[in-house]
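Participant: So you can see what is in the structure, the chains are spelled out below.
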Amino acid sequence: MSSTTPQPAVGRSVPRREGADKVAGRTRYTDDIAVQGAWYGKTVRSTLPKGRVRSIALDPAFDWGRVVVVTADDIPGENVVHLIRDDQPVLAPNEGEIRHREEPILLLAAPDRALLDDAAHHIRIEYETAEPVYTLDQATEVFSTIEIRKGEVPEDVEDVEAVVERTFQVGLQEQLYIEPQGAIAIPEPDGAIKVIGSLQCPYYVHRALKRALNLTDEQAIVVQAETGGGFGGKEEYPSIVAIHAALLARKAGRPVRLIYDRHEDLAATTKRHPGVIRHRTGVKKDGTLLFQDIEIVLDGGAYCTLTPVVFSRAAIHAAGAYSCPNVRIQARAAATNTPPNGAFRGFGAPQSLFAAELMVEHVAERLGMSSVDLRRKWMLRVGDTTATGQKLTESVGSELVLDAALKAASTVQPSNRPTVRRGRGLSLVFHGSGFTGSGEKKLQGTIALEALPDGTFRILTASTEIGQGTKTIFCQLAADALGVGLDQVVLAPQDTSLVPDSGPTVASRTAMIVGRLVQDAATALKQRLKREAPPLRVEKAYIQPDSVHWDETTYRGDAYPVYAWACTIVDVDVDTTTGEVHVTDLVTAVDCGKALHPVMAEGQIEGGSLQAVGWATIEEIKVKDGGYQNDRLATYLIPTALDAPRIRTILVENPYSRGPFGAKGIGELPMDGPAPAIIAAIHDATGVWLDEIPATPEKVLAALNGTRETGNGKQS
Amino acid sequence: MHDVTYLRPTDLKDAVRLYRSTPECRPLAGGTDLMVMLHAGTFRPAPRAVLDVWSIPELKGVRRTQGMLEIGAAESYTGMIRSRDAHEHAPALVAAARTIGAAQIQNRGTLGGNLANASPAGDTLPVLLAYDAVVVTDRRAIPIDQFFTGYRRTALQPDELIVAVRIPLGRHVAFRKVGTRAAQAISKVVMAVSRSPARVAIGSVAEVPLRAARAEAALARNDAAGAVGAVADDIRPINDVRSTAAYRRAVTQNVLRELLHAPPRP
Amino acid sequence: MTVRFTLNGVPVSIESSGSRRLLDVLREDLGKTGTKEGCGEGECGACSVLIDGEVVDSCLVAVGQVEGRNVLTVEGLAAPNGELSRLQQAFIEHGAAQCGICTPGMLLAAHVLLQRATQPTGDQVREALAGNLCRCTGYTKIIEAVLSCTT
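Quick mapping for you: the protein sequence lines, in order, are chains H, G and B. Heads up, the first sequence is in the working numbering, so the first residue is 103 and it goes up one at a time. Heads up, the second sequence is in the working numbering, so the first residue is 177 and it goes up one at a time. Heads up, the third sequence is in the working numbering, so the first residue is 38 and it goes up one at a time.
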């Protein structure tokens with residue numbers, strides 16, 4: 103170590119670790135990796151939404167000599183995609199149940215793609231059909247339920263000065279990482295199988311592989327290739343791709359590449375849970391909040407996947423960033439015969455916060471108050487308790503972000519186009535950083551830090567880089583805690599045979615939870631280096647502080663270690679000729695605790711904000727006969743550079759004592775605020791309230807014409 | 177698509193000869209539709225050969241000829257956007273070209289392709305209808321209002337190649353596309369309107385790009401409000417993945433009102 | 038058939054069916070994996086390359102169509118000695134590349150714009166990049182990076 107103190111790295115926007123490779127086109131994503139002798143794999147899926155496989159027949163006239171076929175009978179382990187519940191099969195077995203129309207039934211591999219496609223046309227699957235369920239109204243199977251109670255919500259509200267009731271609906275959304283799902287499986291000596299893939303959570307895939315292929319810890323090797331975006335879409339789904347590729351590779355006795363094209367990715371992989379959220383809010387005429395009664399129903403699709411955790415986060419955030427003495431939140435997630443829904447940035451919170459924020463608007467309107475004033479009156483501050491009874495003790499940025507956003511937003515100028523109406527909307531949201539409740543305690547995410555003989559340091563973690571900056575930020579944290587230069591710290595590859603299980607790269611936990619482990623390991627290593635010489639290795643596992651209490655059965659206690667806060671102001675142009683909504687400007691102030699890397703923090707916020715703008719406006723998935731109609735990029739539209747608003751980000755630093763250098767997780771937070779702000783802005787522009795997103799031109803125009811029926815009565 | 181034969185003629189004469197003598201052959205220009213369908217295996221019936229017309233000199237360029245503006249069938253939208261003649265004599269076509277895809281598609285998309293593909297959502301097609309364009313082929317000139325014969329069907333013979341499109345000069349055409357997104361969008365309603373002569377041409381509202389006869393009759397009487405009312409009976413919109421019949425109907429009327437500067441509804 | 042063209046300034050000659058996608062030939066035959074496939078239908082722009090200085094989606098180009106032409110991929114943007122271009126540097130400095138999968142196409146679309154217009158406006162940058170989808174950045178930092186390269 104040099105004697106001079108290097109320039110601190112934390113808080114500086116240093117160049118992204120892998121940036122030069124990315125701009126030079128040198129970075130290898132999964133499909134860029136050439137593997138000698140690899141065959142191409144393909145998934146043959148169901149064509150009906152509910153029923154049973156009666157028979158699978160291979161055309162005897164076809165030459166199957168150079169094709170590998172894998173059915174459920176070829177699974178050496180359990181026919182289960184390991185996750186929360188054991189309900190999802192790897193492949194639907196003969197006589198097995200089909201629960202959605204993209205259900206994988208068999209797998210094919212061949213030396214070239216033409217033969218592969220040809221083989222797929224020579225398979226005949228007979229089914230027994232059953233009556234599918236597509237809507238929450240019809241759904242009878244419930245994945246799980248939650249009830250959160252605080253105080254007492256009155257049944258008899260006659261004496262309450264004002265009660266506002268409203269129902270909201272949110273739609274499906276595709277993560278739309280630009281790199282589709284894919285994995286390459288390579289058989290190794292001693293029965294091991296290595297899977298290289300586009301993924302967020304190497305150890306999720308590791309566990310899933312072990313179970314389905316009956317492998318030991320050492321026999322399952324999972325390596326993350328550079329990953330072209332995830333947003334939750336590569337949290338649990340890659341387990342399926344990896345198992346499928348591995349089954350093919352095992353049977354073929356050679357490497358197999360299983361790379362989805364965009365159509366398959368859109369049609370078959372998980373989406374954001376759609377749902378219906380009902381609110382009944384009681385207030386005094388002066389705006390005093392008396393009670394919030396909330397019901398959430400989310401559509402989980404055909405299998406459980408991560409639904410119980412998604413809707414747990416939805417329920418915990420459902421009351422919004424507000425302090426209310428009496429709260430009841432009842433939530434349930436139901437099964438339908440559509441492809442399973444799963445993880446997506448925000449993880450249920452965007453859905454419930456959308457409703458919570460619009461309720462503030464509706465109550466304010468009823469009382470004739472400014473909704474900003476109402477937010478100030480209601481907002482959670484230090485010392486207040488949340489719906490789960492969590493007392494907030496530090497780093498509560500509600501007022502800071504509200505003031506910062508209001509200060510930064512310029513005044514709205516009217517549009518100079520006669521058919522365009524302009525309006526502004528605001529939202530205030532919070533988002534729990536890290537896993538819910540005792541999640542981090544159970545998980546005990548672990549990292550290691552090594553001091554190497556050459557004077558450099560190596561971080562070993564399973565936390566992945568998916569564009570958000572993990573590789574850079576971890577090195578910054580370690581360098582500063584060690585007091586060494588940034589160039590002396592490297593990150594080991596995300597390979598389960600090398601790195602410990604740091605937990606999944608999800609839930610706004612990587613920088614805050616795992617990052618703190620990196621900082622702590624570096625601090626400990628620095629101490630040891632005073633007495634010992636390299637090579638040295640320090641491991642750190644997460645330890646839940648004694649002050650954190652969570653009761654999973656009653657849903658009471660400290661739901662999250664801390665919350666990040668955001669206030670978002672959007673300006674929209676509503677074209678009354680077409681009903682098109684253009685979000686022109688978006689200002690968002692975010693309490694991130696501490697900006698470890700300001701440019702990357704802004705990048706996360708800007709990207710998340712635009713993803714939320716898309717969800718709120720143009721990203722629509724229509725379901726027909728249990729399948730998605732918008733299954734190509736020509737029909738599933740996300741915002742282009744011309745559609746994106748001018749985005750201004752204000753980073754508010756409000757340190758959290760247990761975060762690394764004070765930082766809090768903000769990966770998901772920007773997904774929460776824009777949607778309700780946009781709906782409020784549309785109302786400001788046109789006087790029309792929408793209760794449903796996406797606010798497509800079809801819905802907006804119908805609302806403007808007064809021809810749209812909603813659960814809240816005809817809109818006018 | 178590995179077994180699709182690729183043919184590259186040297187000039188128009190060679191192209192015509194090859195096209196007439198090669199069975200199950202499709203012309204390939206910028207590939208913005210055909211390459212997608214070939215790769216996905218969705219082109220039915222699957223062609224056995226493609227005839228690359230992209231680089232044929234006679235099919236390129238934008239020029240004035242015989243009192244018309246002539247645009248080569250394989251000229252790109254970018255070529256039209258950069259053409260001074262196109263700006264001067266067919267500004268609505270330039271406006272339409274600028275709404276197609278984004279730079280990558282404008283650099284490859286062609287009028288020949290838009291016409292041959294005959295999608296009801298083809299963005300230039302209402303413009304060509306409103307201009308009373310003429311489709312010039314290797315053997316004849318087809319008035320544009322006789323070109324579209326059914327859903328993705330045209331008046332072209334199986335071995336007939338589009339060579340150019342000719343647009344009469346001196347007509348004022350207004351254009352608007354409605355497509356949800358500011359770029360890379362397929363139209364939900366696309367319209368081109370001329371006051372004199374009265375032309376109301378609309379895409380994405382029927383199985384073909386159509387001329388709205390009732391609306392045009394009203395417009396010929398200088399009854400703009402009447403045209404806005406009548407156009408609803410001219411169109412046959414459907415519900416599909418992109419939009420709804422009700423939306424297309426309402427927006428068709430709204431856009432026509434806007435393009436005609438007709439008074440707002442009472 | 039034999040197709041001869043110039044790739045990143047170097048003459049190449051390949052044996053291929055002329056109807057194969059340029060994208061596949063670049064990635065599989067020529068090892069230029071910097072060009073990505075995001076959709077295969079000309080919607081996302083991840084496979085953007087330049088042909089004779091114009092940006093195109095290489096998934097929509099039959100390789101026979103590049104006979105005798107100049108093709109530039111992301112690998113050809115840096116100087117022959119590996120020094121990154123000003124635009125590539127700007128992408129790093131401004132945080133314009135996050136997951137990086139759209140970056141090669143985005144760089145090529147921006148490169149064309151900067152060749153054509155030395156002082157583009159923000160709106161011109163947005164228009165030039167509208168054929169390249171990005172899901173990470175909200176485009177803000179990409180637009181900033183391109184604008185920082187104006188002379």
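Be careful, since some hints might not be right.
Selected chain G positions facing chain B (Cβ under 10 Å, derived; list incomplete) [as the list claims (entries may be wrong)]:
(1) Asp179
(2) Val180
(3) Gly207
(4) Asp209
(5) Val270
(6) Gln280
(7) Val310
(8) Val312
(9) Ile318
(10) Pro319
(11) Gln322
(12) Ala358
(13) Gln360
Simulated pairs of lysine to aspartate or glutamate, EDC-like, Cα-Cα distance not exceeding 16 Å [claimed, not checked]:
(14) H/Lys726 with G/Glu234
(15) H/Lys724 with H/Glu794
(16) H/Lys724 with G/Asp416
(17) G/Lys189 with G/Glu234
It should be emphasised that the hints constitute simulated quantities derived from the structure, not laboratory data. From a predicted model like this one, the values you see are computed outputs, not experimental measurements. Every residue gets a Cβ at the ideal spot worked out from N, C-alpha and C, and that includes glycine.
Participant: It remains to establish, for every hint, whether it holds in the given structure.
Facilitator: For each hint, the structure was consulted:
no. : hint                   : result
1   : Asp179                 : holds, 8 Å
2   : Val180                 : holds, 4 Å
3   : Gly207                 : holds, 4 Å
4   : Asp209                 : holds, 9 Å
5   : Val270                 : violated, 14 Å
6   : Gln280                 : holds, 4 Å
7   : Val310                 : violated, 28 Å
8   : Val312                 : violated, 23 Å
9   : Ile318                 : violated, 27 Å
10  : Pro319                 : violated, 31 Å
11  : Gln322                 : violated, 30 Å
12  : Ala358                 : holds, 7 Å
13  : Gln360                 : holds, 6 Å
14  : H/Lys726 with G/Glu234 : violated, 47 Å
15  : H/Lys724 with H/Glu794 : holds, 14 Å
16  : H/Lys724 with G/Asp416 : holds, 10 Å
17  : G/Lys189 with G/Glu234 : holds, 10 Å
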